[in-house]
Amino acid sequence: MEQPVFKLSGVTKVYDTGKVKVRALDGVDLELFPHEIAVLLGPSGSGKSTLLNILGGLDQVTGGQVWFRDTELTGMGDRQLTAYRRDHVGFVFQFYNLVASLTARENVQLVTDVSRDPMTPAEALSLVGLEPRLDHFPAELSGGEQQRVAIARAIAKRPEVLLCDEPTGALDSKTGVQVLEALKTVNEQLGTATIVITHNAMIRKMAHRVLRFQDGRIGSVEVNETRIAPSEIEW
Amino acid sequence: MVMHALDRKLLRDFVRLWAQALAIALVLACGVAALLMSFGMYQAMGDSRDAYYERNRFADIWAPARRAPISLLPEIAAIPGIRSAEARTEGLVTLDLPGREETAVGQIISLPISGETFLNVPILRSGRLPDPDSDAEVAVNEPFAIANGYQAGDSFFANINGTRRELTITGTLLSPEFIYALGPGALMPDKEGFAVIWMPERAVQAAFDMTGAFNSLTIGLYAGAREDEVIDQLDAILERYGTTGAYGRDRQISDSFVSSELDQLWTMTIVLPPIFFGVAAFLVNMVLGRIVALERSEIGLLKALGYSNTAIAMHYQMLAVLTAVVGILVGWAFGAWLAHGLATLYAKFFNFPYLIFRGSWSVYAVSGLIGLASAAFGALRVALRAARLPPAVAMQPPAPPRFRRGIIDRTLARLKLSQPMMMIIRSITRWPIRAASNALGLSMAVAVLGAASFFDDALNKMLDTTFNLANRQDAVLIFAENLPEAALDNLKALPGAMQIEGQLSESVLLRNGHLEKHTALEARRPDADLSRVIGGSGRVMAAPPGGLVLSERLAEQLALKVGDDVEVEFLSGRRETVTLPITGTISQYIGLSAYADFEMLNALRRQAPQISVANLTLNEDEKLAFHKALSQMPVLAGTAMLTDMRRSFEDTIQQNINITATVYVVIAVLITVGVTYNSARIQLSERARELASLRILGFSRGEVSFILVGETMLLAVLAQPFGWLVGFGIAWAFTQGVNSDLYEIPLVISPATFARASLIVLLTALASALIVRRRIDRLDLVAVMKTRE
Chain A
1 MEQPVFKLSG VTKVYDTGKV KVRALDGVDL ELFPHEIAVL LGPSGSGKST LLNILGGLDQ
61 VTGGQVWFRD TELTGMGDRQ LTAYRRDHVG FVFQFYNLVA SLTARENVQL VTDVSRDPMT
121 PAEALSLVGL EPRLDHFPAE LSGGEQQRVA IARAIAKRPE VLLCDEPTGA LDSKTGVQVL
181 EALKTVNEQL GTATIVITHN AMIRKMAHRV LRFQDGRIGS VEVNETRIAP SEIEW
Chain B
1 MVMHALDRKL LRDFVRLWAQ ALAIALVLAC GVAALLMSFG MYQAMGDSRD AYYERNRFAD
61 IWAPARRAPI SLLPEIAAIP GIRSAEARTE GLVTLDLPGR EETAVGQIIS LPISGETFLN
121 VPILRSGRLP DPDSDAEVAV NEPFAIANGY QAGDSFFANI NGTRRELTIT GTLLSPEFIY
181 ALGPGALMPD KEGFAVIWMP ERAVQAAFDM TGAFNSLTIG LYAGAREDEV IDQLDAILER
241 YGTTGAYGRD RQISDSFVSS ELDQLWTMTI VLPPIFFGVA AFLVNMVLGR IVALERSEIG
301 LLKALGYSNT AIAMHYQMLA VLTAVVGILV GWAFGAWLAH GLATLYAKFF NFPYLIFRGS
361 WSVYAVSGLI GLASAAFGAL RVALRAARLP PAVAMQPPAP PRFRRGIIDR TLARLKLSQP
421 MMMIIRSITR WPIRAASNAL GLSMAVAVLG AASFFDDALN KMLDTTFNLA NRQDAVLIFA
481 ENLPEAALDN LKALPGAMQI EGQLSESVLL RNGHLEKHTA LEARRPDADL SRVIGGSGRV
541 MAAPPGGLVL SERLAEQLAL KVGDDVEVEF LSGRRETVTL PITGTISQYI GLSAYADFEM
601 LNALRRQAPQ ISVANLTLNE DEKLAFHKAL SQMPVLAGTA MLTDMRRSFE DTIQQNINIT
661 ATVYVVIAVL ITVGVTYNSA RIQLSERARE LASLRILGFS RGEVSFILVG ETMLLAVLAQ
721 PFGWLVGFGI AWAFTQGVNS DLYEIPLVIS PATFARASLI VLLTALASAL IVRRRIDRLD
781 LVAVMKTRE
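Protein sequence lines correspond, in order, to chains A and B.
Last residue of the first sequence: number 235 in UniProt numbering, and the count goes up by one each step with no gaps.
Last residue of the second sequence: number 789 in UniProt numbering, and the count goes up by one each step with no gaps.
Calculated from the structure, these hints are not laboratory results.
Be a bit skeptical, because a hint or two may be false.
[Unchecked claim] Which chain B residues face chain A? A few, computed with CB under 7 Å, are given here:
#, residue
1, ARG402
2, PHE403
3, MET423
4, SER427
5, THR429
6, SER693
7, ILE696
8, LEU697
9, GLY698
10, ASP780
11, VAL782
Note that the Cβ used here is the ideal one computed from N, Cα and C, for glycine as well.
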C-alpha cells in the first residue's frame, strides 16, 4: 500500500480564550494519501479549518502527533514551518489573496522565485486555463479567474499537497465549476494530494473520499466508487 | 452628562492610535516650540529694546569730533529736526586691573556736571553716581563689575592720556548704548576685559585736555525729522573740528548687533516653523486618510443610522484636533524651555536691564492656533471625503486598487527585479503623491539637520580665515594718535615682543554716484606677514599701489567691480577726496573693509609713513611683563589679544553649536519618526493581507519584512538629495537673513555635514520601520486569510 502523505494520531486542539476552553479538534486519527482528492464536510465550528491549518503548518496542535511523510510537524519551530510551507504545501483560500500590485504571472512568480523545482508561471497558469490572461492585474480579472490564479500560484512549485479552504465559496456556480475543473486537472496531472473544505455538499461527488466532521471528530468516512466530473456539478 | 457614543468612539480611537498620534503630535510640538522660541524671543527682545531706548532716550545720531568748542552747541541745537543735543568727552584708556594679567580696555564717558543726562541715560544698578567734583570716582557698567567681582568702593588703575590714575568705583550702570558692549578691535563682548567707565565731566575734560570743548555729540531727533539731512548739517558744522562723520543708529555698534540678532530671529521664525507645521499637516492627512478607509463601512452605518455629514466630518476633525492639543501642550513646554535657554544665552552677550515678555500670552495663543490650524487643515480633505461618502457605497467594500502597465512597468519588467521589489516599486508608483509627500517629509528632516549643522562648517571657515589666515598676530595695539612708522623700533623693546608690524587705518567715505559707505581703509606694507588680506581660495593678496582692494560685500553695496573707479573721502585731518580704481575684491567675513598700499596711502595723505595700529607676536613666557609694560604706555588707546579672542570665540561657538546641534538632532529624529513610523504603520495596515499571504506561501519573516522596510527605506534614500538641496536653500536663506555690515556667514556646507544628516535620518527611519516590522511577527495568518478586507 502507498505511504500516506499525512498521518495524524490522537490530534487535539484546544483554544484557550481565558474564560472558555474550546476543543476544536478532539482526538483525530487520519491518513491522507497521494493522488487523492479528499473533501472535508461539516458544519461551522466542527474543526475542518483547524485541521487544515495544522496540516498547512499555520497552527500548532495541543496534543497528538502529525506526520508529513517521515517528518513530524508537531513541535517544529516557526523557521522550519516556513520552510515546510515553502517546499511542500500549496494553499487556496476563499478570498484568493492575490497581491494587487502584481500581475497574474508575477503573482505566480512570487512562488516560483523561491521554489526548488517549480514549473514556469506560464505553465502553471495554462494548467488552470489562464494563458490569455497572463499579464492582467487582479483588478482586471473576474473572481473565478482570480481564484484560478491563486490555484496556479499554489501548484506552481509542484507541492505534494494542496489545501483548499472553501475555494468556491465566493463564486457563482459557473465560475465555481471552472475552479473545480482546475483542481481536478492539477490532481490528475501532478498527482497532488488535494484536501478541500467546503460547505457545498455537491462538491463531494468529485472526491475520492469524503470525511464528515462533527464536534472536532471525524464522524464518518465515505469512499466514492464513482466520481463525477466537475462540469456535472451544479448548485 | 452622558457621553455620546460617537464621542466615546473618538476617545477610544485616540487611545488606540496613541503611538501614531504621538508621533504626529511631537512634530507639531517642534513647530509650536520653534515658533514660541524664535517669535517669542524676537518679540521680547524687540519690545525690550524699544522700551529701553524709549525710556532711556537712546540717541538717534552720534557725531565724533577731535575737539570742538562747547560754544557750537546753540548752533547745533538750532538745526531743524534736532530735539536735544548733548556734548560729552569720551576716550579710550588701558586698564590695569588688580588680579588680572592682561591689560584691559576702558571707554571713558563724561557724566554732565548737573548729574542729569539727557540722552543715553544710564540706569543705576547699584551704589551711587560719582561725585561731580571728584576726579577719582567713577561708575562702571554692571557686566564688567560682576565679571570681575567689583563692588562699590573697589578701585583699579587706568592709564588716562599718559597718566596712571587710581579710580574708585561708586556704583554700577547699564546704558542703552552698550546692550552689546564691544571693545575696540574685539569680535565678541569681553565682560572682564572691556569696561565702560562713567566719570564726572570736569575730571574727564581735565584728563583729556578738553575743558570748554567736546569730542562726542549725541543727538535726539523729533519724530519725522530727516536723519540724513541732520547728519549733513552736523558734518558741515563739525568738519573744521575733525569729525569723522556723524552717523545714525545703523552704524552704532551695539544697536547694529541687536538689530542683526533680531533679523536672525525673524529669519528663524519664518523659515523653521512652517516646515514642521507642513509635515504635521501631511501626517494628519495620511493617518486620518487610512483610518477613514478602514472605517468605510462604519461611516456607511453611521449615515444609515441618521448621523449627518457634518457630524461625521467633525468626528474625524476632532481626532486631528485632539492630536494637535497634545502637540501644542508639549510644544509649549518644550518651547518655554528652549526660550529660557536662549534667553540665558543672550544674557551672555546682550545687557538688558529687563526682558519684557509683554506678548508672552499672545505668542502662546498664536503658536497654539497655528498648530490647531495646520492639523485641522491636514484633516480637512479626509473629513470631507468621509462626509461625502454615500452610505450605500460606503457599506460596500472599496474597489481594489487598480494597477496598470505603464512605461515604468515595461522598464521594470526589463530589469528583471524580484517580485517583492516589484511590489515595492509598484506601490510607490501607484500612490505617487503619497510617496512623494513621504519623501518630502524625510527630506525636510535632512534639510533641517543639514542647515543647522551648516553653522558649524560656516563658523569654522570664518574662524579659519579670520584667525589662521588673515590675523596671525597675538596682540593688536591701537594707538590714540597716529605714530611715525619709526615708533615700531621702540615697540620692539616691549618685553616678549617677537615680530612687529605696523598698519595705518583711516576712516573714509567711499562714494560711487549716489551710493556711499563709511568704512575703514587699511594699509600695510606689502610684505606684511601677521595681518594679511586673504583673497578667494585662501590666497594672500597685497593691495597694489595705485588702487584699492574691497571686500566683496562692500563692492556689492557700492555697485562696484574690479576696474571701476571709486571716490574716497578722508574723514580725518585734511578731508581730501581722491579717486582710485578698484584693483581687486576679497571675501571677508567680519566687517567691511577696504585695503590700500601702505606707501600709497601715506603719499595720498601727504605724510611721512605713519601707523595707527601695531600687530605683534608674543613670547608666551613674557606675557606678564608685556602687559605690565602696556599698562604704562601713554600712547595706547586699546589692545586686543587675539589669542584670547580666538579661544573665547571658539569656546562660545563650540558651546552654542553643541546645544543647537543636540536640539536639531532631536527635531530631525522626531520628524523622521513621525513620517516613517506612520507611513510604515499605514503600509502594514494596507498590506497585512498580502504580507500574511506571502508568509503562508512560505516566505520567511525576513523576506516579508523586506517589502515593508524596503519601501520605507527606498523612499528615505530617494529623499536624501532633495533634502540636501533644501538644506542648502535654508542655509542660504539664513546667511541672507544674517549678513550685515558687521559680518557675513559664508555659505559653506561640507559633504560630511550632509552625510551625517543623512546617516542620522536613515538610521532613524530604519529604526522606526523596524519597530513597525515587529508587528509582522504577530500577524495572525489564519485570521487574515479568513476575512475579506
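Status of each hint after checking the structure:
1. A distance limit of 7 Å between C-beta atoms decides the matter here; for B:ARG402 the minimum to chain A is near 5 Å, and the interface restraint holds.
2. Nearest Cβ of chain A to the Cβ of B:PHE403: about 4 Å, under the 7 Å cut. The hint holds.
3. Checking B:MET423 against chain A: minimum C-beta separation of about 5 Å stays under 7 Å; hint holds.
4. Contact between B:SER427 and chain A, as hinted, is supported at the beta carbon level, the nearest pair being about 6 Å apart and thus within 7 Å.
5. Below 7 Å, beta-carbon pairs count as interface contacts, and B:THR429 has none with chain A, the closest being about 9 Å; its hint is therefore violated.
6. For B:SER693, the suggested interface contact is upheld, since its CB lies about 4 Å from the closest CB of chain A, less than 7 Å.
7. A least Cβ separation of about 5 Å between B:ILE696 and chain A falls short of the 7 Å threshold, and the interface hint therefore holds.
8. At about 6 Å, the closest approach between the beta carbon of B:LEU697 and any beta carbon in chain A falls short of 7 Å, and the interface hint on this residue holds.
9. Given the 7 Å rule on beta carbons, the hint for B:GLY698 holds: about 3 Å separates it from the nearest Cβ of chain A.
10. Taken as an interface hint, B:ASP780 does not check out: its beta carbon lies about 10 Å from the nearest beta carbon of chain A, beyond 7 Å.
11. For B:VAL782, the suggested interface contact is upheld, since its CB lies about 5 Å from the closest CB of chain A, less than 7 Å.
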